[in-house]
Amino acid sequence: MHMADALINPAVGGTMWLVTAGLIAYCARKVKQTMNDRLVPMMGVLGAFIFAAMMINFSIPGTGSSGHLGGGLILTILLGPYAAFLVISSVLVVQAFFFADGGLLALGCNIFNLGFFPAFIAYPFIYRVIARDEYGTLRAWIAAIVAAVVGLQLGAFGVVLETKASGISELPFSAFVLLMQPIHLAIGIVEGLATAAVVAFVAHARPEALFPAQAVVEPRNSMRPVLIGLLIATVIVGGAASWFASTHPDGLEWSIAKVSGKEEVSGTEDNLHKGLGQLQEKTAFLPDYGFKSTETEAAPAEQTAAEPEQWPTISAGTSVSGIVGGLITLGLTVLIGFALKARRAGV
Amino acid sequence: MGLGQWLEIGRMDELGRLDTPAHRLDARAKVITTIVFIVVVMSFPRYEVSALTPFFLYPFALIALGRIPPGYILRKILLAAPFALVVGMFNPLLDHQVIASVGVWSISGGWLSFASIMLRFVLTVSAALTLIACTGIYRLGAGLERMCMPRVFVVQLLFLYRYLFVIVDEGARMMRSLELRSARPSSLRLRVYGSLVGHLLLRSMARADRVYRAMAARGFDGKIRALHRASFQWTDWAFTGGWTAFFAIARMWNLADALGRILAGGGS
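These protein sequence lines map, in sequence, to chains A and B. The opening residue of the first sequence carries number 1 in the numbering used here; numbering runs sequentially from there. The opening residue of the second sequence carries number 1 in the numbering used here; numbering runs sequentially from there.
Errors might be hidden in some of the hints.
Taking beta-carbon pairs under 10 Å as the criterion, some of the chain A residues facing chain B (in silico) [as the list claims (entries may be wrong)]:
#1 Val31
#2 Phe49
#3 Ser59
#4 Ile74
#5 Val93
#6 Val94
To spell it out: a stretch of chain B is covered by chain A in this simulated footprint if at least three of its residues, at any positions, have a beta carbon under 8 Å from a beta carbon of chain A; those stretches are [as the list claims (entries may be wrong)]:
#7 31-38
#8 84-94
#9 120-129
#10 149-162
#11 193-207
Derived from the structure by calculation, the hints contain no laboratory data. Virtual Cβ for every residue (Gly too), placed ideally from N, Cα, C.
Full structure from sequences and hints, please.
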């Protein structure tokens, strides 16, 4: 799920770069505060370990396919969120540079999607809550699977939101979501199984190997990472909303590029209705999925609501996606808020 | 990722150690120029194709100056292509408006934006790959640190890179011995997988411990000292300034269009 540069616009890429750079700086300070020199080589070697672990596959029971470790969750279990976030970031930097796996402009998005969610959401609010301090028990297995699934679902949703906000891919929001989420449900279960299997083995074979992590994990009654997470989520909601809003003629500055590009295709504006009608037919290209009806309902609304002033080829899903995306992200922040409250009560 | 890819990464490492005009430039100059390049390329409207072509000059120039084998970069681009291809493919499927015609063929917006996506993909990926191929991770790390990247992170990046080969070798050895001892080596059961990867993890951690002791014995204080030049030289300024100016010009005027009106003749 590494995003490529070619599908991201500079506004989205730049915003996520800033967010990620802030998180890296924050985590770097936190790691420095632990004053544990031993952590430095440990982080480096564990990053390398993730690469090596990706080469080793296991067969998924009941299917013909195989899976491997993804990395985010196991690093967080071993190192705690701050150090793990730095390790995940460095792994993604190396992947971007040496394997062209994810681009430079998209690096911020990728680090956020694959690092922030497992380290700061899935681990503290799901894994720790379910697994407590157990390793290798049923609890721990369930915790790993649920945490991996949630982390990857959020990450995949981040990919969808960021791609949609960039407006380069024509893929309708609902189709994209239905494409990404089920795939990452499967990947999440595999990742959870792999993580739990490795952690269970280590806990059984050399339990003390898991202790350095305990020393490194900051006291979790610190609310700052959570508040930062909320802040970032807010920024994304705000940003996403404004990007969606900017499909209107009086949108934000970044849509100037779109407006200037419009001159080239001004001759086809008469075709807008026809085009939208066609589009409406074509949105049924995945008829098995449930979103077809919402798409077809939404398209006429789009026609009446936003008339020819608009960029002619805005897909019918865009305005819907703005609303749906905004609502879901809002729901996400509310959920985080609840989790925050629950934790405070629990501590 | 297979072993073949690791040989490739080793090749990239060798390229990064060369000494050519492109390698001698300050890492910061190349990083800044590459970022400007990518942002400018991605700031074009979605149907732009012809105006993007002049931007190939930048990766081509770096490949030439840095004596990087172009076929190598091309192969890596192809390896990375599937994601952009899969997502981009939906554009022709969903956007059927005819917005241009060349002779008897009419081109839908979807195909045009798809072409644009793939072009941008090749441009941005080749820029990133050539940047690392003509800088190398150590110079890049030193450059990043001087660009106010937190030191802990830079150290982490360099450590990761340093131990990548060692740990991956370790993993490859384990896989090989497993393959030699088992009948169906390609698919491990989860239990076996857990203990295999768990062992790899323990070995990695033990290695980290040894590394730490060795480093502590040699006076490690959390800082990797890289040999780097004192300042930006005039060549670095010229490189960054010149390319930025070129990008600005190519962004404002369609150079390909101006050069030969053939391409854009069908575009409007």
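| message | When I compare C-beta atoms, does the stretch 31-38 of chain B have three or more residues closer than 8 Å to chain A? | response | Answer holds; 3 residues pass the 8 Å Cβ test.
| Does the CB of Phe49/A sit less than 10 Å away from some CB of chain B? | holds, 4 Å
| task | Check whether three or more residues of the stretch 84-94 of chain B sit with their beta carbon closer than 8 Å to a beta carbon of chain A. | result | holds (count 7)
| Does the interface hint hold: is Val94/A within less than 10 Å of chain B, judged Cβ to Cβ? | holds, 6 Å
| message | Please check whether Val31/A passes as an interface residue: C-beta within 10 Å of a C-beta belonging to chain B. | response | holds, 5 Å
| message | Does the closest beta carbon of chain B sit nearer than 10 Å to the beta carbon of Val93/A? | response | With a closest approach of 6 Å, the Val93/A hint holds.
| task | Report holds or violated for the interface hint on Ile74/A, using the least CB-CB distance to chain B and a cut-off of 10 Å. | result | With a closest approach of 8 Å, the Ile74/A hint holds.
| said: Under 8 Å between beta-carbons, do enough residues of the stretch 120-129 of chain B, three at least, approach chain A for the coverage claim to hold? | reply: It holds, with 7 qualifying residues against the three required.
| request: Tell me if chain A covers the stretch 193-207 of chain B under the three-residue, 8 Å CB rule, please? | output: holds (count 13)
| message | Please check whether the stretch 149-162 of chain B has three or more residues whose CB lies within less than 8 Å of a CB on chain A. | response | With 13 residues close enough to chain A, the hint holds.
| query | Measuring from the C-beta of Ser59/A to each C-beta in chain B, is the shortest one below 10 Å? | reply | Since chain B brings a Cβ to about 3 Å from Ser59/A, closer than 10 Å, the hint holds.
Hint check: no violations occur; every hint is consistent with the structure.
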